[in-house]
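Please build the complete structure, drawing on both the sequences and the hints.
Chains as they are written, first to last, in the numbering used here: chain A, 29 to 94; chain B, 6 to 169.
Hints may be right or wrong, so weigh each one.
[Claimed, not checked] Straight-line C-alpha distance at most 25 Å; calculated DMTMM-like pairs for lysine to aspartate or glutamate:
no., chain 1, residue 1, chain 2, residue 2
1, B, Lys-161, B, Glu-124
2, B, Lys-151, A, Glu-59
3, B, Lys-151, B, Glu-162
4, B, Lys-161, A, Asp-54
5, B, Lys-76, B, Asp-65
6, B, Lys-161, A, Glu-46
7, A, Lys-78, B, Asp-44
8, B, Lys-76, B, Asp-10
9, A, Lys-78, A, Glu-88
10, A, Lys-89, B, Asp-10
11, A, Lys-78, B, Asp-150
12, B, Lys-161, A, Glu-64
13, B, Lys-161, A, Asp-91
14, B, Lys-151, B, Asp-136
15, A, Lys-78, B, Asp-102
16, B, Lys-151, A, Glu-51
17, A, Lys-78, A, Asp-91
18, B, Lys-161, B, Glu-118
19, A, Lys-89, B, Asp-97
20, B, Lys-151, B, Asp-44
21, B, Lys-151, B, Asp-112
22, A, Lys-78, B, Asp-97
23, B, Lys-151, B, Asp-97
24, B, Lys-161, B, Asp-112
25, B, Lys-76, A, Glu-88
26, A, Lys-78, B, Glu-124
27, B, Lys-151, A, Glu-46
28, B, Lys-151, A, Asp-75
29, B, Lys-161, B, Asp-150
30, B, Lys-76, B, Asp-97
31, B, Lys-161, A, Glu-59
32, B, Lys-161, B, Glu-122
33, A, Lys-78, B, Asp-65
34, A, Lys-89, A, Asp-75
35, B, Lys-151, A, Asp-91
36, A, Lys-78, B, Asp-10
37, A, Lys-78, A, Glu-64
38, A, Lys-78, A, Glu-59
39, B, Lys-76, B, Glu-118
40, B, Lys-151, A, Glu-64
Just so you know, these hints were derived from the structure itself, not from any lab.
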Amino acid sequence: MNEADELKDAPRQASAWEAAAAEGIDMSLLEITLNETPAQRIRRNNDVVKFAWTLRQAMEKRDATA
Amino acid sequence: MQQPDLEALINRLIQGQVRFVIIGGIAVVAHGAPVTTFDVDVCCDLAAENLFRLQSALADGHPVHRMTPQKLPLEITPANVSSLRNLYLQTDFGVLDCLGHVSGVGDYVAAFEQSVEVELPGGRCRVLTIDALIRAKQAVNRLQDKVALRHLLAIKERQNANLL
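In structure tokens, the structure reads:
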């Protein structure tokens, strides 16, 4: 078997993209964020952190009055 | 405790002309990974003058050492400045970790050399390159970094494909 045949028959290594998808990572979310600028991504993270804080405050208030 | 504002925290550092490179979760986010991080990690120049700038920049955020049981206020003085290596802070804007060294990357100079400039609404700052970030994540190999690493490797692959 020559070198070309060996390469043809070798099992194809999964790409990093395929490996991530195979482990259950939602790659459609990555497609969305890759269309944003770094500043937009950092702003989105900040918005999520703020919202999470607001939600936690609301949950604590609810638990206190329950 | 007030609502965190990590952008305001980064802006304080930019406006205060602190020499720093964004590493950690915010750098992962900046490179495009759809993850959320609740703190800001930076690699800082540990020169005395830079640490005094850091202290001034954060002053109105009431920084405290969050790892100390008494949450001692950040007090950088001429007597203690040369002994500081890492600062794990809680501020009114959120959590800020200032590291003098990044595993897999090196000190501030090495981090700066392996960083890119990013334009934010509050000004320009430096963010670790995706290659350096991948090395840093591989070096620490924590459970929480594995998903970020998967994303970063996929982004890097996409970038390489777009360059062909």
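Would you pick out the hints that fail for this structure and give their numbers low to high?
Per hint list: 13, 23, 35 and 39 violated.
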